[in-house]
Amino acid sequence: METTKLPPTSPSSPTTGFSVPSAEKVDGFPRRSMRRARQRRSHSSSQFRYQSSQVELTPLPLLKDAPVAELHDLFCKKLQQCCVLFDFLDCVADLKGKEIKRAALNELVESVATSRGVLIEPLYPEAIKMISVNIFRTLPPSENPEFDPEEDEPTLEASWPHLQLVYEFFLRFLESPDFQPSMAKRYVDQKFVLQLLELFDSEDPREREYLKTILHRVYGKLLGLRAYIRKQINNIFLRFIYETEHFNGVAELLEILGSIINGFALPLKSEHKQFLVRVLIPLHTAKSLSIFHAQLAYCVVQFMEKDATVTEYVRHTFSVVKGCKSPVMFLGEIEEILDVIEPSQFIRVQEPLFKQISACISSPHFQVAERALYFWNNEYILSLIEENCQVILPLVFATLYRVSKEHWNQTIVSLIYNVLKTFMEMNSKLFDDLTASYKVEKQKEMKRERERTELWRGLEEQQERRLQTLGEASRNQKNLQERGESAQPSSPQTALPEHPDLDLSGAPSTT
Amino acid sequence: SVEKEAPGGGADGDDSLYPIAVLIDELRNEDVQLRLNSIKKLSTIALALGVERTRTELLPFLTDTIYDEDEVLLALAEQLGNFTMLVGGPEYVHCLLPPLESLATVEETVVRDKAVESLRKISQEHSPVDLEVHFEPLVKRLASGDWFTSRTSACGLFSVCYPRVSSTVKAEIRQHFRTLCSDDTPMVRRAAASKLGEFAKVLELDYVKSDIISLFTALASDEQDSVRLLAVEACVSIATLLPQEDLETLVMPTLRQAAEDKSWRVRYMVADKFSELQKAVGPEITKNDLVPAFQNLLKDCEAEVRAAAANKVKEFCENLPEDSRETIIMTHILPCVKELVSDTNQHVKSALASVIMGLSTILGKDNTVEHLLPLFLAQLKDECPEVRLNIISNLDCVNEVIGIRQLSQSLLPAIVELAEDAKWRVRLAIIEYMPLLAGQLGVEFFDEKLNTLCMAWLIDHVYAIREAATCNLMKLVEKFGAEWAQNTIVPKVLGMANDPNYLHRMTTLFCINSLSEACGQEITTKQMLPVVLKMSNDQVANVRFNVAKSLQKIGPVLDSSALQTEVKPVLEKLATDTDMDVKYFAQEAISVLALA
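These protein sequences, in sequence, are chains A and B. In terms of the UniProt record's numbering, the first sequence opens at residue 1 and continues consecutively. In terms of the UniProt record's numbering, the second sequence opens at residue 1 and continues consecutively.
So that you can see chain B by itself, here it is in the shape it has in the complex:
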């Protein structure tokens, strides 16, 4: 029984109320879901037990019974990372190591990773002495474990204890890391390679040069490409740590080799990390080595690699040393970019299209007009909608440099085509750029060329498009003003109220909902309200209850006399409608507008 007396505010008295057995039974419940719930509330249990019994009874139990569902183990691993206070503070934090050590050896990666994360967290709460007495031996045990899982976990723990231990222990840690880098199983080598950069950061520079470089070189020429590609990531950290004069001999041979690796996955990684690498090796090496390497990646035989490199074109050019930037771009990069514009693979083209406009700010007006504009125009006519869309969505970069007018001739057909694309997601994307385009092209151009498109979207057969179209109208009105709205948009929107299709009639209401505020009281009261009120007699119930909703929405924009004399009677009538939903929304509107 768990009956308890009212405690007099003192918390200590509660401890004896809950025998550990009862609590442990909760953690052992046959039903996984219940067990999981209990584990997730482990801190509550620990709090009930008090720190002493948590240490002496709860933790040993947890350590002994780690054979559960992965989901339960994951929750446990996470909980233990926040348990320091519950076992009595930093002084006792090492009590948490045994269960976490077991969790760090289980098969399931997610559990293991979480256990390592928690271990890393609580390592910071260890005193330097405890770190050497309790934590570091654990790392060593994991590092020399039989099964690959414990060795994999060890890789993530070296860097957190290294800075805070004595030099003898440091030497041991370096030795363990070295051993794991040449482990028999690729899983462990991958783990070591992925932690190489992090470990290098905490090492003394001399050891970076003596130890890390040889490990880096070895991992970067591993027999498995999954290991080699991780070395590329480490390359960024290592290069950042070394003085410029050492980079050429210690890092560059490996990096050059990676950029020409026979596996596309490694080359992909180089392309993907190119900006980071560029920053890490500095301007001189960039000019001499990275520029040709980048050219090769842009011309790679695998589309994946080309796309990754194309994605980096802008960033790479931006970060080139200023003195030679323009020359390098014009003579080395631009020719490759030109080829990519007509690449056979659409992902490559679309990756390029998402960054190519950014080059105009770097190259300035004349170069943009002469060299880039033809490329933009070509991409605007690309057969793949994503390419065109990416160009259009980055028009603002170009606008700043040469103005959008230069493009408008080609822009229009591209927009019209996208506006009618068979894929509704493409149509949706282009709608979202309409306000931006309208702002840049000006009201005249818009009225002349784009207005009809915007109205056509209102009767699209996909709801998401109609919805986006109404939202678009609102943004346009915000941009061009109420007067413009009154002359161009409002009449057309209101005209749809007489459409035989009830979906179109509803669109009128949706437009009014979003336009009323931007159009202001006068237009709303004089032009929109009469139409809404008239629609309250619609034969379709959906239209009628949307009338109620619209009235609720536009109510705040109207003046009080209109509300009382015009809106109130209509809502009252709708509140007695035969349709349940119409009644409901009418009543809701009456109460929200305080018309009762």
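With the rest of the complex left out, here is chain A:
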């Protein structure tokens, strides 16, 4: 059984969750979502409107005033009371009821968080029911079908005043010292978890933040659900990559996985390696990579640190991820990987890696070229390059040489000169040889190019000739048929060319 290191429970807020480098650390800018103080639009799920009749709530006595004997009964009644849902789009509807529920939820949160001995077995089904009724709902259609999480304001959940307290209650419930996984697992089952995961698509970042912490606690405490949770997250990611390209909670799920990977037992199970190769790496090709790249890169590096032999799998990154929409980000991640790579593993990936890097260096986009050239400023990478100079220099030399002569951006040109100088100092003999052979290579390349053109011209001429012959053949054949069997067999012009195996014309054969 693998172990999961749980980060220390945060007593105050779920936002200070895991030890993942947040976006701030990566790009130095505050996240847009943090700056969103204003609440402009809000929507509510349709679940409320499905309730047939509205129940009138009456305030119950306070929990703290209840005699011990009646405490559980009252707790239960409050849970039931909180199962009533309210219309938050109409902000003046049933204010009294809303206030009663809010107060009850607050009491429940406080009671679960502070007093011991409250959570007894009969309360589990009631608590889970209350949570399910409130949080599980079909998320409403996005008001903006082309919602761009980086540009647009998210639509916020209108019923948040209640929903937040329900989530808070759920979190306290899971974190309570009285919490018994063996009892909870009867109610927090696979179906429950699946619905919980679907909520990660919520557009409201506040909701996703709670879900993240809650799912992490569930994963930590309910061991029987772990494999299932991982599998369902896989499915969500695969659907995101290959079907919809839309899911709001990718970053949050990756953040949870980042801390889960840390706890994987060694040697890594094939399930986990498969997850890396078939899910995490293809995630790099998503259009919206920038939103979750920090978390994704963290996961990949976690894998690397866990088990250095996965380098071979990460090799795929270099080849699979050529379709990456943002090479700068991708290069950043490669540098992070290289920072933790073992020299022996480096040798195994250096060839595809430096082919990729040299492709980036020759990019006309100066930021891409610049990011690639910065690798030579990293001392550890530089030491790896130096050790393998014999292999790497021939891989990148031609590109460096060419780009140094023709790149439009002066900064790039001077960066390349520095890189070339470094190489010259590393191995002047090899450098001189490559410089000397550059022209010859270049000419060879041009010769190959000429040969290619020649080859294809020949092939196409041949194809045309063949099709023509076939066309004639089929015409002749038709003529023959039209003339009936009386055709002149002696005429050499009408003799069919021999194509026993080829009949592109589709003409019916008479023979």
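Watch out, some of these pointers could steer you wrong.
Computed, partial: chain B to chain A, Cβ under 8 Å [what the hints assert, rightly or not]:
(1) Ile45
(2) Leu47
(3) Ala48
(4) Glu107
(5) Pro186
(6) Met187
(7) Asp222
(8) Glu223
(9) Lys262
(10) Trp264
(11) Glu304
(12) Asp447
(13) Leu450
(14) Asn451
Derived by calculation from the structure, the hints in this document are not laboratory data. Here the structure is a predicted model, which is why all the values come from computation and not from measurement. The beta-carbon is built from N, C-alpha and C at its ideal position, and this holds for glycine as well.
For this one, chain A is given, so just place chain B on it according to the hints.
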């Protein structure tokens, strides 16, 4: 080296000229773009190799090296679907299966789908024996693959081989399909659900009843709404296959449940497929079940669902059984429609506005005047321009029933407002309906109320509007005749030639370009030409070269003496202009009009 001798017409001699290695090198080129180009010309390579070596050397190479960029794989998957003749015809078509099988398992959906498409194509070229010996085992392998991608691909292949195999194999295929319908991963269940209808169509009716219905019911109550909504699509095909008496027990419980699904996506799907469902279940069930279901969808709490249902209002009403159509519409549908007219969501209103006019033909004159007209009028005053536009663009339906005059009082303010809408696309749309409106409202009404609008568009600040406005004038002239043009439009257009704004002066030229033909030789020569010629002295070069272009355009309408005596000297003068472009267009006009 690829030097070759001149072949004597015999194609066979060419084969040896190209060693396979050279060709394969092309498919392995380091540069993706070159590799892609080579793959796209794979048929050329195969043709050069001949069928024998294509089978024994090229295809094994392709099968072994399927680890490339998705773009290359996509091209390969497509090519192989058209390769039957290149491997030697139907007898050898099964040679194409190994590479396509690998392609059908790759991750990228587009590649996989293309591989499945090609497999479906070449399945038809297999003989029944080959289908059982080669093709069906491939389907089975895919269906029991480890990774979801191969199982997903298998779903699309069952229906193409089922009709042509023995009953034992058929039983196996049904079993595989059943297994995939309850697959562990939702991706595979979605693929199976989306092929359920297609598969049902090739099954024997007994198996439809015994197998398909239970799969349908299960998929329609899947835990994921993305699977459930696909079952709605299958419902149409399944209902079409079953005899009427079985529908109630086998299909309707599931359909009712889908129409009230807790997920709006499923309800949306039901609304979106409503007309198809209606046709599939027939008039009786429509009356008893679909009418209330449709009412609920029109009143759904999600705007998306209401809009989808609103879109179907006309079609649904049209397809109601004739004997009870009017009663159903008047008592059940119309009350919901009335509510939708004042819906809070503009997409709902605009969806309704695009079909609501169609109801008038169904309900006839009296009902239209009494019940529909107030709704049309309300929508014509809607705050959302799209709603108004949708009403105006469907005026022809109403015109046939009650005539447009009934509407004209409300129509005019709506048109005027749209004509001045801040969004140029709205203005553009209303311009496009002008000729239609003009035809229906008649020349008098037009002159009185709309003519000024049409002229105002000529000086709009958006070029696209000015351009559309000139085109509109031409259509109006076609409708109302040259005499009308001479009296109302031409003087105003020509007046703009003296406008201080050169853009407006150019508009005169653009109008002349499009009007000359419709106005005929006389008006063009006597009224338009002098103005054009005078503008050749304009101080703005853009105006001058447009004069050259206009002369080229209207030249064919003029008589030859005018061309020689009036046009030619002006063009010759412009051909010596200091501006390069003016010169160019003047020379072009001279040569096109053969005035040199």
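Verification of the hints:
1. Taking 8 Å as the C-beta contact cut-off toward chain A, the hint placing B:Ile45 at the interface holds, the least distance being around 7 Å.
2. Annotation: interface hint on B:Leu47 holds; nearest CB of chain A at approximately 5 Å, less than 8 Å.
3. Interface restraint check: B:Ala48 against chain A, minimum CB-CB distance 5 Å, threshold 8 Å, status holds.
4. Interface restraint check for B:Glu107: the shortest CB-CB distance to chain A comes to about 6 Å, inside 8 Å, so the restraint holds.
5. For B:Pro186, the interface hint holds, the least distance from its beta-carbon to any beta-carbon of chain A being 6 Å, beneath 8 Å.
6. At a threshold of 8 Å, the smallest CB-CB gap from B:Met187 to chain A is about 6 Å, leaving the interface hint in force.
7. Taken as an interface hint, B:Asp222 does not check out: its beta carbon lies about 11 Å from the nearest beta carbon of chain A, beyond 8 Å.
8. Taking 8 Å as the C-beta cut-off, the interface hint given for B:Glu223 holds, the closest approach to chain A being about 6 Å.
9. Nearest Cβ of chain A to the Cβ of B:Lys262: about 6 Å, under the 8 Å cut. The hint holds.
10. Evaluation of the B:Trp264 hint against chain A yields a held restraint, the C-beta minimum of about 6 Å falling below 8 Å.
11. Of the supplied interface hints, the one on B:Glu304 holds, with its beta-carbon coming within about 5 Å of a beta-carbon of chain A, less than 8 Å.
12. Against a cut-off of 8 Å between C-beta atoms, the interface hint on B:Asp447 is violated, since the closest Cβ of chain A lies about 44 Å away.
13. A distance limit of 8 Å between C-beta atoms decides the matter here; for B:Leu450 the minimum to chain A is near 36 Å, and the interface restraint is violated.
14. A distance limit of 8 Å between C-beta atoms decides the matter here; for B:Asn451 the minimum to chain A is near 40 Å, and the interface restraint is violated.
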